[in-house]
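Asks: Residue strings, one per chain:
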Amino acid sequence: GENVEQHPSTLSVQEGDSAVIKCTYSDSASNYFPWYKQELGKRPQLIIDIRSNVGEKKDQRIAVTLNKTAKHFSLHITETQPEDSAVYFCAANRDDKIIFGKGTRLHILP
Amino acid sequence: DTGVSQNPRHKITKRGQNVTFRCDPISEHNRLYWYRQTLGQGPEFLTYFQNEAQLEKSRLLSDRFSAERPKGSFSTLEIQRTEQGDSAMYLCASSLTSGANIQYFGAGTRLSVL
Numbered sequence: 001g002e003n004v005e006q007h008p009s010t011l012s013v014q015e016g017d018s019a020v021i022k023c024t025y026s027d028s029a030s031n032y033f034p035w036y037k038q039e040l041g042k043r044p045q046l047i048i049d050i051r052s053n054v055g056e057k058k059d060q061r062i063a064v065t066l067n068k069t070a071k072h073f074s075l076h077i078t079e080t081q082p083e084d085s086a087v088y089f090c091a092a093n094r095d096d097k098i099i100f101g102k103g104t105r106l107h108i109l110p
Numbered sequence: 001d002t003g004v005s006q007n008p009r010h011k012i013t014k015r016g017q018n019v020t021f022r023c024d025p026i027s028e029h030n031r032l033y034w035y036r037q038t039l040g041q042g043p044e045f046l047t048y049f050q051n052e053a054q055l056e057k058s059r060l061l062s063d064r065f066s067a068e069r070p071k072g073s074f075s076t077l078e079i080q081r082t083e084q085g086d087s088a089m090y091l092c093a094s095s096l097t098s099g100a101n102i103q104y105f106g107a108g109t110r111l112s113v114l
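Sequences listed follow chains V and G, in order. Per the numbering used here, the first sequence starts with residue 1, numbered consecutively. Per the numbering used here, the second sequence starts with residue 1, numbered consecutively.
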């Protein structure tokens, strides 16, 4: 089955700097890669997603890249702000089932 | 509120008791998923429904767990003879079959087994 690895588990960046979270997946048939943000005590919320026929997608300060050959995908957050502090999960979807990574706790330092 | 709704939000029970959780998906969504999330981990897939049909169950779903979606709308997840290891957040998500499998999550039910 699919396995999603996510790194780092914790990331601290200065406010205004960029943050990068990286994931790998194992099943080459996976074709949809969502990213979720989960604040403490809240539900996971979709922040951006990418399909396997696209290499990059951007939405304001957030971008995601996908390398199908290497089975890597990454989340990039630029100009980080305090409200970006949360746990971020990458995920891979195959056959209607989404497998999540273990999450990255992002701390934005003042 | 047109989002995914879960009840109760919190449940405290004694080991050995049965518990049941409810999930109301977004009204037009025909797919419904159950996940379990423990501290410091991502959501782990348990099972999912397309309309009333249960299409897949994870090996994590022991025979003490059962899920139903009798009319293809709301779903229930029952845990029988609860164990301390069942303590977790149980999340429900829903999506449409067509197009992207964008899953929208409920706020979850936090289960504590004493």
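Don't read these hints as lab results, they were simulated from the structure. Idealized CB from N, CA, C, for every residue including glycine. Careful: at least some of the hints might be erroneous.
[Stated by the list, open to error] According to the in silico footprint, chain V covers these stretches of chain G (three or more CB under 8 Å from chain V):
{"hint": "1", "region": "60-73"}
{"hint": "2", "region": "101-114"}
[Said to hold, decoys possible] The list that follows gives simulated cross-link-like pairs (lysine-lysine, DSS-like), each with its CA atoms no further than 27 Å apart:
{"hint": "3", "chain 1": "G", "residue 1": "Lys-14", "chain 2": "V", "residue 2": "Lys-42"}
{"hint": "4", "chain 1": "V", "residue 1": "Lys-37", "chain 2": "V", "residue 2": "Lys-58"}
{"hint": "5", "chain 1": "V", "residue 1": "Lys-102", "chain 2": "V", "residue 2": "Lys-37"}
{"hint": "6", "chain 1": "G", "residue 1": "Lys-11", "chain 2": "V", "residue 2": "Lys-37"}
{"hint": "7", "chain 1": "V", "residue 1": "Lys-71", "chain 2": "G", "residue 2": "Lys-57"}
{"hint": "8", "chain 1": "G", "residue 1": "Lys-14", "chain 2": "V", "residue 2": "Lys-97"}
Asks: So, for every hint listed, does it hold in this structure?
Replies: Taking the hints in turn, this is what the structure says about them:
no., hint, verdict
1, 60-73, "violated (count 0)"
2, 101-114, "holds (count 8)"
3, G:Lys-14 / V:Lys-42, "holds (25 Å)"
4, V:Lys-37 / V:Lys-58, "holds (16 Å)"
5, V:Lys-102 / V:Lys-37, "holds (12 Å)"
6, G:Lys-11 / V:Lys-37, "holds (24 Å)"
7, V:Lys-71 / G:Lys-57, "holds (26 Å)"
8, G:Lys-14 / V:Lys-97, "violated (32 Å)"
Of the numbered hints stated above, those contradicted by the structure are hints 1 and 8, listed in ascending order.
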